[in-house]
Every structure is written in structure tokens, then in C-alpha cells.
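Chemist: Letter by letter, the chains look like this.
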Amino acid sequence: MMVEAFSPRKYMRDLKFPFCPGCGLFSVSDAFLRAVHELGYKDLSKFVFCSGIGCSSWVPSPYYIGDSLHTLHGRSIPVATSVKLVRPDLNVVVFGGDGDIVGIGLGHFIHAARRNADVLVIMTNNMIYGMTGGQVAPTTPLRTKTTTTPYGSFEHPIDAARLAAAAGAAYSARWTTAHPNDLRKSIKKAIQTKGFGFIEAVSQCPTAYGRRAGFKDIGEMLKWFKESAIAVEQSKKMSEKELEKRIVVGEFVQRSRPTLVETVYAMIEEAKAGAKQN
Amino acid sequence: MKSSASNTYFLQGNEACVEAAVIAGCRFFAGYPISPANEIAERMSTLLPKVDGIFMQMEDELASINAIMGASWAGKKTMTATSGPGFSLMQETIGWAFMTETPCVIVDVQRVGPGTGQATKCAQGDVMQSRWGTHGDYSAIALSPNSVQEMFELTIRAFNLAEKYRTPVILLTDETIAHLREQVTIPPLENIRIINRKKPEAEDKAFFGLEEVAPMPAIGEGFNVAVTASTHDEYGVRFTADPSVHTRIVRNINDKIRNHADDIADVESYNIDNCQVGIVSYGCTSRAVHEAVEEAERKGIETGYVRLKTVWPFPEKAVKRLAQAAKKLIVPEMNLGQIFYEVKRAACSAEVIPINKIGGGELIAPEEILAEIERGNP
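If you read the sequences in order, they're chains A and B. Residue numbers for the first sequence follow our numbering, so the first one is 32 and each next one is one higher. Residue numbers for the second sequence follow our numbering, so the first one is 154 and each next one is one higher.
Derived from the structure by calculation, the hints contain no laboratory data. It is possible that some hints are incorrect.
[Said to hold, decoys possible] Straight-line C-alpha distance at most 25 Å; calculated SDA-like pairs for lysine to any residue:
hint	chain 1	residue 1	chain 2	residue 2
1	B	Lys480	B	Ala524
2	A	Lys225	A	Lys268
3	A	Lys303	B	Ala158
4	A	Lys307	B	Pro340
5	A	Lys41	B	Phe376
6	A	Lys47	B	Pro341
7	B	Lys351	A	Pro119
8	A	Lys216	A	Asp74
9	A	Lys307	B	Asn160
10	A	Lys77	B	Gly228
11	A	Lys303	B	Glu364
12	B	Lys203	A	Asp74
13	A	Lys254	A	Phe57
14	B	Lys203	A	Val295
15	A	Lys257	A	Pro211
16	A	Lys216	A	Arg277
17	B	Lys203	A	Arg277
18	A	Lys73	B	Ala524
19	A	Lys225	B	Gly228
20	A	Lys77	B	Ala158
21	A	Lys247	A	Pro119
22	A	Lys268	A	Gly250
23	A	Lys303	B	Lys203
24	A	Lys272	A	Asp190
25	A	Lys41	B	Ala355
26	A	Lys47	B	Asn377
[Unchecked claim] Computed far set for chain A versus chain B, every beta-carbon distance over 12 Å:
hint	residue
27	Ser107
28	Arg146
29	Lys247
30	Glu258
31	Gln265
These numbers were taken from a predicted model, which means no experiment stands behind them. Built from N, CA and C at the ideal position, the CB exists for glycine as well.
Chain A on its own, in the form it takes in the complex (with noise of 0.2 Å):
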């Protein structure tokens, strides 16, 4: 059997990208797209995208052809899973930045794997709220320079992969632009989990992040991220010290449990049994 060549043009409308060159959302759809091109769908009606305001929101809306609701800063998750509760059917995937999806929207991220939420958010951190201009974001490294630490960042950052996993995600992974083919891979297998999903993929950007920590080109950056990387199993012999200045990457879990669309529906039917029965 002849396997169709991928192009991410079939997916997408002719229209084209506005990120910077050299941005790392380039990588991230590219991944995205090759993952649901290898799983078979030859188009997107299957999906539903969800994002909020930030670079990495305007990835699905409108570059991807099929239906995308584009909402407030923060609140795609809980748009997302509403649209699951109501059509099953679709594969809910949710585009999201670290400012949009743990920073203002942290709350609903939470819950969202609490609930396990039949949904996939993909959330590209470039450590940096890079749309308004590069200020400092909850994902940003200490001592980093930004438009809003000129004399370093001051506060720890977030762990956003290992927080959807002790908050009850289904799966939870991390990588980053300089692992394309492990992003594809485990974005293939969240669309095929059941339940909530989170992808994180560490990115780029060279405009308002690279620029100003000192960074001179992509290649730098990239080169950062392979030789900080470092992987799960590996980190947890070393000591917090030790992982201060790496990214952890790989799967932090992969589970089974009962989804909210499983226990929600198993309600109605309970609900319409009684009622039949009164």
C-alpha cells in the first residue's frame, strides 16, 4: 500500500504563518501535523482547536483547515472541554502558550487534568510572554533578562509537564524544538489517549527570549536545549542542584483512569434510568 507523502499544506489554508523567522512554532506544527498525518486522517474534520490569545494560539486559528475557536487569554481549557462534553465524537486539541495555558489560565489547566478532560493541550513554552514584547513569564529561567527583569528573573518557574501528572493527567511529556521526532511521537500517542493529555514543547524565540539572554542565533538556542536535555529516568538519580539549570524531558505519565466524558455520560444514563423508574 502506497503511504501519502505529508504535507502540511493539505492541512492548512493558504495562508501563511505570521511568526518571526526562526520561531520555534514552525517545529511545533510541523510535529502536530506529521503526527495526525501518520495516524491517518486525511483531513481535519476529526478535530476541534481550542487556543487563547499569545504567538502559539494563532498556530490552528485560521491556519488549519477545519474548526477553531479562538478565545480569551487563558480561557481555551475550559472552552475545550466543554466541546468535548458535547461531541465525543472529536479529537478536542487545545494550542496554547505557557503564559496563556500556566500563567493566567493555570486554574483551568489544573482541573482540566483533575478531570481528566478528554483533551490534548499542546502548550509550546518559549519561557517568554513573546506577543506583548518579551516580559518575564512563570516559565522563565532565574536570573534571566526580560523586558520586565532588566536585572534578572527573580522567581522560580513553573513545572508545567510535572504538574499536569501529580494534578491527574492521563499523559503528560516534554520535549523540546531540538527533539522534533520524540514531540511527533508523543503527540501521536496523547491523541490516542484517552482522557487529558499535555504535551509541552520547550521553543524558540529568538525575537523577544534568545535576543536578550544572550543568545546569538537559533543555533545557540537549539544547541541549549539538546545539551541541557536530559531524560527522566536519567534526572531522578541526580539532585535537584544538579537539575537546576536542565530540561527534563520524556514521559512523566501515562495512565488509565476514568475520563470526564466517561463519568459524565455514565451519569446521564443513571439520571434517565431513575427518572424512567420514578
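Given chain A, work out where chain B should sit, using these hints.
Modeler: Chain B in isolation, oriented as in the chain A frame:
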């Protein structure tokens, strides 16, 4: 509830609201606990699953209103219910709903504010919040019931207006009406008019900002609809700097409400062309007006009133007509003056007198209104 005959019940306002919502076709509710709106979520959680509806208690009001956005685009009629503080949290998304033309019903059971205020006490302080709560240019629809029966009727109407005009509709009620228990007659279901959103034809591609209300596809129907509250054209493509696209779309979304203000604005009026004194009221406060007017007439003062069943769009024509006859208008409100200024604007030369009472939830009494009617009318 499922009956072809009229049925009479003894219900609380919040309960009547839920019965009506389910009859209107609401099949998705998301909410967050808040007094004095809780009975709505509680009854919804019981009724909805029995009719294949979905009830979700979300983590906060932001999640609640955003969940009903998603469900609305997935094709359901949706509702949330809250009170002043939660209503404030929802305002940004109400702007999203307006800009994306997402039909939904938001119940605001008003309580004493600002801030946490008095959580269980009645007030009417959210009149302006329901009109101007979100940023930017928008036209709100807000309905104000004054009885449990009307809570039922206006909830149905709120869904019908939301569907007809593809817009969020506020059911602006208050703690008194929400917790009041009265007799409610639910007519035979076939006699209740239910409006559903206009669906697109297979070849349609323009779903936003048309001169008349645009057809609304649901996600998953193959229309590849791009929904965004950023400035967008008729096809959902963003134009985040173009003034002409913004003006065209935002004007059209406002005009579909403004140009139909006469269809939307609804009042109950009495003796408005022959009165010396006129009263403009709404919601719980209007319940004292009837008695005050009866008493005034017994004393020989020709009195009339306009009761706003629709607060927004403001029923300007009816108030103007009242102001042409009456030399004095009285506006009782459980706030420090909100609709008062709208009445003043519409009343032109007539004298407009506010009666304001805040805090504690005690209603404005008929005697207080009567005293104001009598002042200067020996």
C-alpha cells in the same frame, strides 16, 4: 413538566428560571457556587441529565462562562447563573460572546455590592454592569422579571432573543424575585414559542458580522468555522489593524440589536398618556408601585407607570411618552441611581425624582413611593 395542559406550580423564582430554561431547550449549564443564585445550579444539576443535558460545576466563573461558549458553538443552548461578583468575573467573556455572536443566557441574581457587599441581600446595583460591563462598543440585552411567573416567561424570552439575534442575553433578576415563592402557570408546551438559531446552508461561508443576523454553524458540521473575538471579517479571518473591517463588523453586530430595539424592548405600562405623575421601575422594586398608584388614585392623583421588562435596550419610546404626559417622573431603585439617568435623558423637560435604598435588602415600600407622588400634589 411534560404536559399538554396548563399546569400550576408553587415555585421559587430561581426554580421557575430552571424549568423555563429546560423548556426553552437549554441543554448545557455551567456554573460556580454563589449566593443568591445557587438554587439555579442545584436544580439544573437534577433536571439536565434526565433530558440528555450536561451540567458542569466549574472551578470558577471564568471557566463557567467559557464552558458555555464552547457548548454553544458545539450546537447547544447554554446558560450560566451568578451574582454581582461572579458577573464581574464573566465580563471579559461576555465581550467575547458579543464579538463572536455566541448565543447564551447569563442569569445575574443581583445582591448588595460593591465588593463582597451583602451576599444574601437584595439590590439592583448591576444595571449598568449589565449594559457596560465589558470593554469596547457593544449593545446589551437585559431582561428584568418582577414575579416568579415572569421569571419563567422572561427566561424563555431570554433564550429566544439569544437565538434570534445570536448574542448573549442577561436575565437581570434580583435576590427578592429569585427567592420569592409564588404560583406559576406553565402553559401547554405546544403553546410556548421557541426560537432556534438560524443554521447555514451547505454552501454558506460567511458566518460573522453580516447586516442581518448571520447563520451559525456548529463545530463538527464540516464548515471549518474559525471563531475569534479578535477583529475578523465575515469569514472569521483576523484583521487586527484594519479600521474598515473593524468598523463594518462591529457596527453590524451592534446594529442587529439597535435596529431591532422595538422588537426587543418590552414594558408593562399603565395610564401613561393621562397621568400627572409617572413612575418608572423594574424588577423587585416595581412590585411596590401598583399599591402606591392605587392609593394615589384613591386620593385623586392621576398616576401612571412604565415597568421595564427589558432594561436594555432601554425602552426609550415608552418612557418618553410617559414623560410627555407627566410633569414629574419617579424612579425607585435599590441602588444610588442607575436607570434614573437613562430616564432623565429620555424625559427631556419633565422633573425626574429618584428614590434610592441600598443595603440590608429591604425593599422600597409603597408608602415611600406614595409620599413622593403626593409631594407637590395636594
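Chemist: Does each hint hold? Answer for all of them.
Modeler: Hint check:
1. B:Lys480 <-> B:Ala524: holds (16 Å)
2. A:Lys225 <-> A:Lys268: violated (31 Å)
3. A:Lys303 <-> B:Ala158: The hint holds at about 24 Å.
4. A:Lys307 <-> B:Pro340: holds (24 Å)
5. A:Lys41 <-> B:Phe376: Given pair A:Lys41, B:Phe376 holds - Cα atoms ~16 Å apart, limit 25 Å.
6. A:Lys47 <-> B:Pro341: Not OK: A:Lys47 and B:Pro341 at ~55 Å, beyond 25 Å, violated.
7. B:Lys351 <-> A:Pro119: holds (24 Å)
8. A:Lys216 <-> A:Asp74: With a Cα-Cα distance of about 19 Å, the restraint between A:Lys216 and A:Asp74 holds, given a limit of 25 Å.
9. A:Lys307 <-> B:Asn160: holds (21 Å)
10. A:Lys77 <-> B:Gly228: holds (16 Å)
11. A:Lys303 <-> B:Glu364: Not OK: A:Lys303 and B:Glu364 at ~43 Å, beyond 25 Å, violated.
12. B:Lys203 <-> A:Asp74: Cα-Cα ~36 Å, so violated.
13. A:Lys254 <-> A:Phe57: Within the cut-off at roughly 17 Å; holds.
14. B:Lys203 <-> A:Val295: holds (12 Å)
15. A:Lys257 <-> A:Pro211: holds (11 Å)
16. A:Lys216 <-> A:Arg277: holds (22 Å)
17. B:Lys203 <-> A:Arg277: violated (52 Å)
18. A:Lys73 <-> B:Ala524: violated (75 Å)
19. A:Lys225 <-> B:Gly228: holds (23 Å)
20. A:Lys77 <-> B:Ala158: violated (44 Å)
21. A:Lys247 <-> A:Pro119: Between A:Lys247 and A:Pro119 the Cα gap is close to 46 Å, so the pair fails against 25 Å, i.e. violated.
22. A:Lys268 <-> A:Gly250: Given pair A:Lys268, A:Gly250 is violated - Cα atoms ~30 Å apart, limit 25 Å.
23. A:Lys303 <-> B:Lys203: Roughly 5 Å separates the two Cα atoms, so the pair holds.
24. A:Lys272 <-> A:Asp190: holds (15 Å)
25. A:Lys41 <-> B:Ala355: At roughly 22 Å apart (the allowed maximum being 25 Å), B:Ala355 and A:Lys41 satisfy the hint.
26. A:Lys47 <-> B:Asn377: Distance ~18 Å between A:Lys47 and B:Asn377 Cα, so the pair holds.
27. Ser107: Non-interface label fails for A:Ser107: nearest chain B Cβ at 8 Å, not farther than 12 Å.
28. Arg146: violated (9 Å)
29. Lys247: holds (31 Å)
30. Glu258: holds (38 Å)
31. Gln265: holds (35 Å)
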